[in-house]
Amino acid sequence: MLLLAWVAFQPAQAEMPTDAAAEADSYRVVRAALQLRDVSLRVHATCAQAAPQLPAKTIGDYLAGFLAAMGDGRNQLSARCRPASGAARCELWLKHADEEDKWAWGIAFQLDRLGRPRPSSVECLGAG
Amino acid sequence: MPTPACSPTTNLTRLMLDSYLGKNISEICPHGFDDSDLNHCAHFVCHVMNVSAGSVTCSKMSSERVAGRIGACIRVHELFAACPVVGKYDATLDKLSGGVFVFVTADSAVNLKTKSMTNIPKKHVGIALDGNIWHYSNTEDKVVTATPEAFRKHYKSQVNGLYYGDFPAQSIPSSFGCGR
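Chains as they are written, first to last, in this note's numbering: chain A, 5 to 132; chain B, 827 to 1006.
Any given hint might turn out to be false.
[Unchecked claim] Derived pair list, reagent style DSSO-like, types lysine-lysine, alpha-carbon separation capped at 27 Å:
1) A:K99 to B:K939
2) B:K982 to A:K99
3) B:K982 to B:K941
4) B:K849 to B:K979
5) B:K941 to A:K61
6) B:K886 to B:K914
If you're looking for bench data, these hints aren't it; they were derived computationally from the structure.
Modelling step: build the complete structure from the supplied sequences, incorporating the hints.
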């Protein structure tokens, strides 16, 4: 079962061109992150005061605030997973750069043995 | 520029701050938390003052953490909340107090009564002393200086306010290469 979840997040490079495989991996992480949208910001101390738009109660509010700030300039979505206890630890980053308006915020979470995101594992990433 | 001796002191000096000029965060942070995509303004000032306040530090975020060295705070709004006294910045403050943190962000993001700052993306922090501000430029990826007037214009597309924060009681300033 443990293998099942990790295999689900392995790049399918043997069958796909590199870009397509990377996009498929990114899709899985983004999809899992969206499934966590209703998780309370009280889930972890790193999330409690981290939302950029108020009022904010959930991880969905937190991510929406930074997505809304990705206007002019260079914007990037970065997703990655690595093996961890359970199955995998994933990170989703939202990155923005427009002169001194430069930041990267995101979330980290674990996947269970079936490849489902664990709501209690959510942490909020970022600095600045 | 020679690095000042690593003698313990509670007094912040221009010589200490100047020892960081031109340095990249990879040279300042012992824990290897130096991703250039991130904003390192709070990270820099917290290493200078050896402040660990907040929900997360550079050492917690790094897989290359070094034992025996403190983790520095990395978030502007959490540093603001950790300052014992905050208020509107006045250019005479840093001369009187021996240095303060100086924050630039939208006025709407700051609540002085609750000593809180919303985590909006456009916020920045430096250290003010003797009419000058030392801060980490995230476009130049190095420590630079600015006047308070220039610092107030850090973000072009929002109405900025300048705020100060007294250093937390546990703060101990250090020169480059002398962090705790």
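> Regarding the pair B:K849 and B:K979, is the alpha-carbon distance no greater than 27 Å?
Replying inline: Distance of about 23 Å is within 27 Å: holds.
> Taking only the CA atoms, is the gap from B:K886 to B:K914 under or equal to 27 Å?
Replying inline: Given pair B:K886, B:K914 is violated - Cα atoms ~32 Å apart, limit 27 Å.
>> What's the verdict on B:K982 and A:K99, does the C-alpha distance respect the 27 Å limit or exceed it?
In response: Holds. B:K982 to A:K99 sits at ~19 Å (cutoff 27 Å).
> Are the Cα atoms of A:K99 and B:K939 separated by 27 Å or less?
Replying inline: violated (32 Å)
>> Given the hinted pair B:K941 and A:K61, is their Cα-Cα distance within 27 Å?
In response: Holds, at roughly 20 Å.
> Has the given pair, B:K982 with B:K941, been kept, meaning a C-alpha gap of at most 27 Å?
Replying inline: Distance of about 25 Å is within 27 Å: holds.
The structure is inconsistent with the numbered hints 1 and 6, although it conforms to all the rest.
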